[in-house]
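Chains as they are written, first to last, in my numbering: chain X, 38 to 284; chain S, 336 to 421.
Read the hints as simulated data drawn from the structure, not as lab findings. Any given hint could turn out to be false.
[As the list claims (entries may be wrong)] Derived pair list, reagent style DSSO-like, types lysine-lysine, alpha-carbon separation capped at 27 angstroms:
#1 X/K99 - X/K278
#2 X/K85 - X/K99
#3 S/K381 - X/K278
#4 S/K381 - S/K369
#5 X/K99 - X/K83
#6 X/K99 - S/K381
#7 X/K111 - S/K381
#8 X/K111 - X/K278
#9 X/K165 - X/K278
#10 X/K278 - X/K163
#11 X/K111 - X/K99
#12 X/K46 - S/K419
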Amino acid sequence: MEIEVTGAKILFELPFGITITETQVNMWIVMAVIAGLCIWLTHDLKVKPTSKRQIVAEFLVKTAQNFVEGNMGKRFAFFTPYIAALFSLALGCCFVSLLGMYPPTSDLNTTLGWAAITFVLITFYKFKTNGLGGYLKGLTEPIFIMAPMNVIGEFSTPISMAFRMFGNVVSGSIISALVYAALASANSALFGWLPGFLGEWANNYPILQLGLPAVLSLYFDIFSSVLQSFIFCMLTMLYIKSAAEVE
Amino acid sequence: MERALVLMGCAIGAGLSMIAGIGPGIGEGYAVGKACEAIARQPEQKSSVTTTMLMGCAVAETTGLYGFIMGLLLILLAPGMFLKKL
Chain X
38 MEIEVTGAKI
48 LFELPFGITI
58 TETQVNMWIV
68 MAVIAGLCIW
78 LTHDLKVKPT
88 SKRQIVAEFL
98 VKTAQNFVEG
108 NMGKRFAFFT
118 PYIAALFSLA
128 LGCCFVSLLG
138 MYPPTSDLNT
148 TLGWAAITFV
158 LITFYKFKTN
168 GLGGYLKGLT
178 EPIFIMAPMN
188 VIGEFSTPIS
198 MAFRMFGNVV
208 SGSIISALVY
218 AALASANSAL
228 FGWLPGFLGE
238 WANNYPILQL
248 GLPAVLSLYF
258 DIFSSVLQSF
268 IFCMLTMLYI
278 KSAAEVE
Chain S
336 MERALVLMGC
346 AIGAGLSMIA
356 GIGPGIGEGY
366 AVGKACEAIA
376 RQPEQKSSVT
386 TTMLMGCAVA
396 ETTGLYGFIM
406 GLLLILLAPG
416 MFLKKL
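With the hints as constraints, model all of the structure from the sequences given.
Here you go:
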């Protein structure tokens, strides 16, 4: 049994050495599905909802608004579209693996890109609340010797966010692949020696692979990815909020 | 011989890097235990306690994931990198 652990495969190449990988293509698919879903949910809205579709749409928007306002306060209510988009994109990118496609979140470039947006927002709000001088002064707290540590701390925020999501998704897929391979070899070791067509049948249809991978997929693909998307959005909100607080 | 040494070093290093899993395991277990106590004391706060606990668990998991990524690099990237130099 071969165990294959690969990164994103390169699908085709554009001029100037730009490569289009599975990550981008799968992400475009997810983006198209989310955009289509939004258009379908919000076309011909009425003041008094008559269709179930509009009630679902209103429920989703209300949930997102309450979520953001509860965590960031009324002042940052305009972040609702960004957080909702981030959450739905992260969730869609993780759920793609349920269809057997390559999940874009198991590419470090994707999560690092999202974390970079968060980093830019954090730094922007730090500048906005304290000014440039206040920002630079904040780096030398509590004493100026600690300045290198504080600079590293600034950069470690987005890196740890990116690696958290990437590590969770990749570890899930690697553990699933290992368990799958282990079950196949256990199957052939247990039943492969059976005489005649029985052994051949057991080798061709590994019945031990029936139960456990489904349970693992339930945990890694659904529970873990919902949790990690939620945490990514939560941390984004908390960091931005704490960056905008006046000391 | 050198090839075997390089591969052995990478494999042992990858195994050792997963020692990082101990810390998050203990920490998360502690957090979940405390959350159970909190829910037993105030069952009406169950949802907010659970949310906070999952949040804290995910943050505590980070160091373990760093160890995992080190192991991944040692197994997938390091052998090729070092074997090319030999």
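Verification of the supplied hints:
1. Straight-line distance between C-alpha atoms of X/K99 and X/K278 comes to about 21 angstroms, which keeps the hinted pair within the 27 angstroms bound.
2. Taking the CA atoms of X/K85 and X/K99, the gap is near 16 angstroms; set against the 27 angstroms cutoff, the hint holds.
3. Note on S/K381 and X/K278: the hinted pairing holds, with a Cα-Cα distance of about 25 angstroms set against a maximum of 27 angstroms.
4. At most 27 angstroms may separate the alpha-carbon atoms for a hinted pair to count; S/K381 and S/K369 meet this at roughly 12 angstroms.
5. For the suggested pair X/K99 and X/K83, the alpha carbons sit about 16 angstroms apart, so the restraint of at most 27 angstroms is met.
6. With a CA separation close to 22 angstroms, the supplied pair X/K99 and S/K381 stays within the 27 angstroms bound.
7. Taking the CA atoms of X/K111 and S/K381, the gap is about 25 angstroms. The hint holds against a cut of 27 angstroms.
8. For a cut-off of 27 angstroms, the pair hint linking X/K111 to X/K278 stands: about 11 angstroms separates their Cα positions.
9. The suggested pairing of X/K165 with X/K278 holds, with an alpha-carbon distance near 12 angstroms, which does not exceed 27 angstroms.
10. Between the alpha carbons of X/K278 and X/K163 the distance comes to roughly 10 angstroms, so the proposed pair stays at or under 27 angstroms and holds.
11. With a C-alpha separation of about 14 angstroms, the suggested pair X/K111 and X/K99 falls inside the 27 angstroms cut-off, and the hint holds.
12. For the given pair, X/K46 sits about 23 angstroms from S/K419 by alpha-carbon distance, which is consistent with the 27 angstroms threshold.
Against the hints set out earlier in the document, no violation occurs for any number.
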